[in-house]
Amino acid sequence: MSTLSGILNTGRQALLMEQLAMQLIGHNTANVNTTGYSRRRLDPATSPAVLRNGQWLLGTGVTTGNLGRIRDTILDQQFRRSNATLGYWSQLEDSLGKVEQVFNEFGGAAISDRLQEFWDAWQDLANDPESLSARTTVIDRAQTLAASLNAVHGDLVAEREDLDQSLVQQVGEVNQMTTEIAALNVQIVNAEVAGGEASDLRDRRDLLLDKLSELVAISIRENDDGAVNVYLGGQILVQVDHAETLETSVHTVDDLTLHTVVWHGGGRAVELGEGKLRATLTARDETVPESLTKLDTFATTLVQQVNSRHVTGYGLTGTNGFNFWNANTTGAGDIAVDTAIVADPRLIATASSPDAPADNSVALWIGELQTERILDGGNSTLAEYYSNLVSGIGSETAAAEERRITQEGAVNLLEERRQSVSGVSMDEEMANLIKVQKSYEAAAKLIATVDEMMATILAMV
Amino acid sequence: MRISDQLRHSTYLNDLHQRLDNLYQLQQELSTGRRIRNASDDPSDASHALRLEACLKRQGQFLRNIEDAQSWVNFADARLQGIVNLISEIDSLAVRADNDDQTEEDRRSAAVEIDQKLEQLYNLANSQFNGKYVFGGWQTLSNPFAATRNTDGLLVSVSASAATIEGEIYRQVSETEQLRINIPGSLLFQPVGSEGTDDDLFYVIAELRNTIGNNNTPPVGYEETRSTPYLRDKLVAIRERFVNQQAYLGTLGQRLQDTTSRLQDYNITLTDALENAEGVDITDIATRIATEEYAYEAMLSLGAHLFSKSLVDFLS
Chain S
42 MSTLSGILNT
52 GRQALLMEQL
62 AMQLIGHNTA
72 NVNTTGYSRR
82 RLDPATSPAV
92 LRNGQWLLGT
102 GVTTGNLGRI
112 RDTILDQQFR
122 RSNATLGYWS
132 QLEDSLGKVE
142 QVFNEFGGAA
152 ISDRLQEFWD
162 AWQDLANDPE
172 SLSARTTVID
182 RAQTLAASLN
192 AVHGDLVAER
202 EDLDQSLVQQ
212 VGEVNQMTTE
222 IAALNVQIVN
232 AEVAGGEASD
242 LRDRRDLLLD
252 KLSELVAISI
262 RENDDGAVNV
272 YLGGQILVQV
282 DHAETLETSV
292 HTVDDLTLHT
302 VVWHGGGRAV
312 ELGEGKLRAT
322 LTARDETVPE
332 SLTKLDTFAT
342 TLVQQVNSRH
352 VTGYGLTGTN
362 GFNFWNANTT
372 GAGDIAVDTA
382 IVADPRLIAT
392 ASSPDAPADN
402 SVALWIGELQ
412 TERILDGGNS
422 TLAEYYSNLV
432 SGIGSETAAA
442 EERRITQEGA
452 VNLLEERRQS
462 VSGVSMDEEM
472 ANLIKVQKSY
482 EAAAKLIATV
492 DEMMATILAM
502 V
Chain Z
2 MRISDQLRHS
12 TYLNDLHQRL
22 DNLYQLQQEL
32 STGRRIRNAS
42 DDPSDASHAL
52 RLEACLKRQG
62 QFLRNIEDAQ
72 SWVNFADARL
82 QGIVNLISEI
92 DSLAVRADND
102 DQTEEDRRSA
112 AVEIDQKLEQ
122 LYNLANSQFN
132 GKYVFGGWQT
142 LSNPFAATRN
152 TDGLLVSVSA
162 SAATIEGEIY
172 RQVSETEQLR
182 INIPGSLLFQ
192 PVGSEGTDDD
202 LFYVIAELRN
212 TIGNNNTPPV
222 GYEETRSTPY
232 LRDKLVAIRE
242 RFVNQQAYLG
252 TLGQRLQDTT
262 SRLQDYNITL
272 TDALENAEGV
282 DITDIATRIA
292 TEEYAYEAML
302 SLGAHLFSKS
312 LVDFLS
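For the protein sequence lines, the chains are S and Z, in the order given.
With positions in the first sequence counted from 1, the corresponding number in our numbering is that position plus 41.
With positions in the second sequence counted from 1, the corresponding number in our numbering is that position plus 1.
Because the hints were derived from the structure by calculation, they are not lab data.
Each residue gets a CB set at the ideal place from its N, CA and C atoms; glycine is no exception.
Which stretches of chain S does chain Z cover? Using the computed rule of at least three CB atoms under 8 Å from a CB of chain Z, they are:
no.	stretch
1	138-147
2	164-174
3	388-396
4	405-418
5	452-460
The list that follows gives simulated cross-link-like pairs (lysine-lysine, DSBU-like), each with its CA atoms no further than 35 Å apart:
no.	chain 1	residue 1	chain 2	residue 2
6	S	Lys486	Z	Lys310
7	S	Lys486	S	Lys476
8	S	Lys335	S	Lys139
9	Z	Lys310	S	Lys479
Chain S on its own, in the form it takes in the complex:
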């Protein structure tokens, strides 16, 4: 047995190891900006020692110990849990922000301004009940107010339908991700069956799980063979190579065709937990409908109160009993001035008795409605009720924003810690590069020296 050739082999193994290390540095630096990439590390180990001369255990060099990703799975779990909460609040903030924009109370096209102009028009009419132009102005202002209410109502209904569309889309995203995760499970198991770690595949799967956790609150368990099972609301969502699909079933609510999320086959309801999906549902089924209901209450109260006073009064034609607003108004969506009034402004009631053109008592009485607390059980005027509605949405939006910012901080912190563990540092890689280069040179020097020694021996022969 030749010890020289043994030393040569040790040098060769060292060269191979440093090449491998160099390959990893190349891979890490190449992926310095790849989202979801976890840096790779090679942990060299000493190769098994051999017994020399029956008494010494001599080292034989280096061998690949461990090659794999550096990743903290506990941080992953924490990140995904926090990410679901973040998804919920950011989606809710987004939806509430849109609802707030619909009301646009501080932007100009404000209903409270239109309402005030409507009351002002009644007082102008009370100042000049004989005039047709004051009457026409009342109708104009009423129609503008009605049009604003119709528009806001329409926008809110459209927002609700948009949210429903987002829900369907988000369910589609979940299904696509779970299918991909199941496919990656298969690839990872196949790749790892011979040992080693399918690092790139695992990175891709982890990235998908991160994204999925933003949509729905998931919990994850990894099997010994490298496949993961994903659970949603205690139910299995991905089992190794099989992804359970979520479906949407159609039902009709408030004359709208809306979707609910159910499990494939059987139509069991899905417990969504936190995440964007839950927020979309909350906005669609609670936030927007609540605003709509309040807006409808506002409109119907306005119609009933004005009409109940208006029917008692007389216009310029000497007859009474006319409604000012269309009495069939069901809410903000269809509020309109009564067609008879529009056709003949003289019918607008201002007087308490017939043939008294200057009698403005009914016009004043209707105008007084603006300061009467007729809503919220006698606690709010129409204008106050409306501003409460707007500031209520504002408070909810502000609260959601607050929660989102807090949660974003938490998620960012976790992401920083993950990055700290798994992210590539260029400086570190460069330092390693030098280290590997030097080791490589040293190993090469070893081989060269052994070569010289062999030449010396051969020269002796």
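Position chain Z relative to chain S; hints supplied.
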């Protein structure tokens, strides 16, 4: 803590976005002059601001109502003054005609003069302001008072032509106050049902004219109740009604003025409160913008310096 390149980048970008966001918010506040663009910017102040704004607009309408009322009051006041003057002139004519030194001729011409003033009074009773009869109660679109004349065209009697002559017209001048701004003809010329009685201005003057024209001699059978002194007493009593209503208009005018200045003061308070609720302090914003800008620039220069350096630069 181990710092990776992506960590450095994302942390830097997050902070940069935060700075830009702060700067953007301040820029918006400065350019709009409003601290609140959406209710969520400050829900409690937003709700407060909405109420204040509505209240402010309401006060604006009240001021308009008052302005309208004031023009009515001024017009009616001028007309009442004219009427009171005419009544006084008629009274002077009657005093003179009642003197023994007056000839029949003198008295006849006095009667003619009284008749002319009666016609003027009749016209004043049907005064129009902006095309509306001011003394007609709710009857503003047609003559409230109609004259009956004899074959010579001489005014014999005047009757209120509408049942709604008593109608009172109000203006909303504040949240809680509605003030009557008209003086119905029934409070002045002819109380309802008094036509042809001693309470009827037109009747009293017409009879005075007739008695004086007839050489100051009342018709037979009415020696007492149509005598010039008796009718003068009635005329003075009726004039008192006009003077009283003039006083009402005077008080009303004062009250409208007081309300106006009260509303204007209130407007200032409301505007101040609104400014506090949603307005911005320019100096404060400008200072904060300068600070944020400085921090933003510092971050940019920091980024430019830090990210261009790595170990790679020092490897040969």
